[in-house]
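Novice: Each chain, letter by letter, is given below.
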Amino acid sequence: MPSLIPDGIPRSQQAISVLWPSFIVAIIASGVFFSAFDPRDLIPFNLDIDISPVAAYSIGFLLFWLLASLSSFGTLYFTISNCRFLNKQRD
Amino acid sequence: MATSEATPAEPVLYEAHKKIYPRDVSGYFTRLRVISLVTLLGIYYITPLLQWDGRQAILFDLPARKFYLFGLTLWPQDFIYLAALLILAGLALFFFTAILGRVWCGYACPQTVWTEAYLWMERKIEGNHNQRKKLDKAPTSAAKIRTKALKHTVWIAFSLWTGFTFVAYFTPIDVLAEELLNLNLGPWETFWILFYSFATYGNAGFMREQVCKYMCPYARFQSAMFDSDTLIVAYHPERGEQRGSRRRGVEPATVGLGDCIDCNVCVQVCPTGIDIRDGLQYECIACSACIDACDNIMDKMSYPRGLIRYTTENSAIGKGQKILRPRIMVYAAILLLLSGSLITHVAQRVALDLDVIRDRNTLYRETPEGLIENVYTLKILNMDSKPHRYSLSAEGIDGLKLVSDQAEIEVEAGSVFEMVVRLQADEYNLEARSVEVNFHLQAQDSNHLNASREARFVGPGSS
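Protein sequences, first through last, are from chains R and C. For the first sequence, numbering that gives the first Met the number 0 puts the final residue at 90, and the numbers step up evenly by one. For the second sequence, numbering that gives the first Met the number 0 puts the final residue at 462, and the numbers step up evenly by one.
No lab work stands behind these hints: they were computed from the structure. Treat the hints with care, since some could be wrong.
Chain R is faced by these chain C residues, among others (derived, beta-carbon under 8 Å) [stated by the list, open to error]: (1) Leu61; (2) Arg64; (3) Phe190; (4) Tyr213; (5) Met214; (6) Gly243.
To give a feel for the contact side, a few chain R residues facing chain C, derived at Cβ under 10 Å [claimed, not checked]: (7) Ser11; (8) Gln12; (9) Ser16; (10) Ile23; (11) Val31; (12) Phe33; (13) Ser51; (14) Pro52; (15) Val53; (16) Ala54; (17) Phe84.
C-beta: ideal position from N, C-alpha, C; glycine also.
Input sequences plus hints: build the corresponding full structure.
Specialist: See below:
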C-alpha cells in the first residue's frame, strides 16, 4: 500500500506550506487591521515608546505572519501525524 | 533541492526537483510575450519615479496613513475602495481566464515576468540551454566560478534594484535614494529592501516553475473557470500521430506517420518542463513557447503551421467556438456592475468629513441672556488635495444660534482641523430633554463638498 501522501513531502515544501499561506494571510490581516487602527493609538499612555510608523507596521506584519504560521504549522503537524498514525494502523 | 523519502517499493508521490533549462525560442507569440513582459517591468520600475502635484504620483504613505493615487488621496476610511479594487481585479481574472485561459500566467504574472528577466540574464551570461547544462555539469574551475559569480552578481544587483523600487512605493523614492547615498537608511527600510530582494532572487532565480506548481493557488483553481470554449494551448493529436522521425521532404502519409516529427523541441522550450503532447496539464502556464517552437519546425519541414496551437476544446473536435456563453455573460455582468458602482462611488466621494463630539463635562449651561448652551468639539477632515474654506451651520431647533470664536474655517489640504463651537437655544423651543441637531459644513468654493453630522442638544427638560 502506498503511504498517505503528507509523510513524503520534502522538508522544503513543508516549510513553504507553512510560510507561504501565512504570508498571504498576514498581508490581508495587516491591511484590514491597520486601516482600522493607527499604530500610534495602540501604544498605552503610560509607556513611553518612541517607534517610527514604518517600524510599527513592519512589526505588526511580522507578528501577523508569525501567528498565521503557527496556525499553518498546526495544520501541517496534525495532517502529518494523522497520516503516520493511519499508515501504521493499516500496516 | 528537495529529496524524496519514498522507498523504491512505493510510487514516488513527490518527485525530486530537476532543474529545467528552457531552450531559446523565437516567433510571433514570443515577441508578444516579450512586449508584455518588458512593458510590465517598465511600469513597475518607472511608477515610483512619476510625480504628481509636487509629490510622488503613487505612494502608500504609511506614516501619514494616506494612499496617493495620482490626483486621488485615499484615507484609511477609504480602505473599502482598495478592497473593492482587489475584488474587481479578481473578477477580471475570472473573466479573462474563462475566455482566454491562462494568459495571466504566461504573459502577466510577476512570477513569469521576473523569471523571464532572470532567464534572459542567465542566457546572456551562461549561454544557451545546452551551454548552461554543460556548465552546471562541468567540474569546478576558475572559468566556471567566474561565470557563475558574474551571473549571481548581476542577479543580486537586479534584485536589490527591485527591492529598492518596492520600498519606494512606501517611502518617497527621492528620500529613499538620498538615505541610501548617505548610507543612512532606516533599519526597517533596509530590512524590507533586503527581504524583497531575497524573495525576487529566490523566486526568479531558483524556484521559478516550482512556484507555479507548488505555491500558486490560482494554478490550482483556474480549472474551475475553464469550459470547452476556453482558449488553451494544445497539440493536435489527430494530425500529429503517429509521431516519428523522418527525413525532410518526406510526405508523412507515405511512411505511415503523422505530422509530429518527435523532435522534442516543444518539450525543450517549456519553462515548466512538460510535454504538451500529453494533453492539457495544470503545470502548463500557457506561455505559448511550444507553439512558436513547433511552428518553426513545421516551417522547416514545409508542413502547415499549427500542430501545437491556441484552440479550444470545442474547436479542436470540430465544433464552433462560442465566445458569448452564460458563464462569460455572468462574469461580465458582475464585473460591469461592480466597476460601475466603484467608479460612481469614487466620483461621488466627498473629500470632506465632519466629526462632532459633545462636551462631556457639562450637560448644558445657561448664558447670561438666559439661553441654554451646549459645547461641541468639531473635527473637520479635509481629504482633498487642496485647501478649502468652509461655512458651518446648525439646525434642528427653532432660533438655534451657532457661536464660534472662529470667524473663518480654513483647512489645509489633507489635514484635520479641530474647533470648539457653542449652540444656544431658548429653553422655550426645546421639545424634549435631548433634541437632535444637525451640523452642516459647506465648502465655499464647491457645492459638491459638504458634510453633515447629527449631535444631541441637551437642556433641562420640558417643564
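Novice: For each hint, tell me whether it holds in the structure or not.
Specialist: Evaluated hints:
{"no.": "1", "hint": "Leu61", "verdict": "holds (5 Å)"}
{"no.": "2", "hint": "Arg64", "verdict": "holds (6 Å)"}
{"no.": "3", "hint": "Phe190", "verdict": "holds (7 Å)"}
{"no.": "4", "hint": "Tyr213", "verdict": "holds (6 Å)"}
{"no.": "5", "hint": "Met214", "verdict": "holds (5 Å)"}
{"no.": "6", "hint": "Gly243", "verdict": "violated (35 Å)"}
{"no.": "7", "hint": "Ser11", "verdict": "holds (5 Å)"}
{"no.": "8", "hint": "Gln12", "verdict": "holds (6 Å)"}
{"no.": "9", "hint": "Ser16", "verdict": "holds (8 Å)"}
{"no.": "10", "hint": "Ile23", "verdict": "holds (8 Å)"}
{"no.": "11", "hint": "Val31", "verdict": "holds (8 Å)"}
{"no.": "12", "hint": "Phe33", "verdict": "holds (8 Å)"}
{"no.": "13", "hint": "Ser51", "verdict": "holds (7 Å)"}
{"no.": "14", "hint": "Pro52", "verdict": "holds (4 Å)"}
{"no.": "15", "hint": "Val53", "verdict": "holds (5 Å)"}
{"no.": "16", "hint": "Ala54", "verdict": "holds (5 Å)"}
{"no.": "17", "hint": "Phe84", "verdict": "violated (18 Å)"}
When the structure is compared with the earlier hints, violations turn up for hints 6, 17 and for no others.
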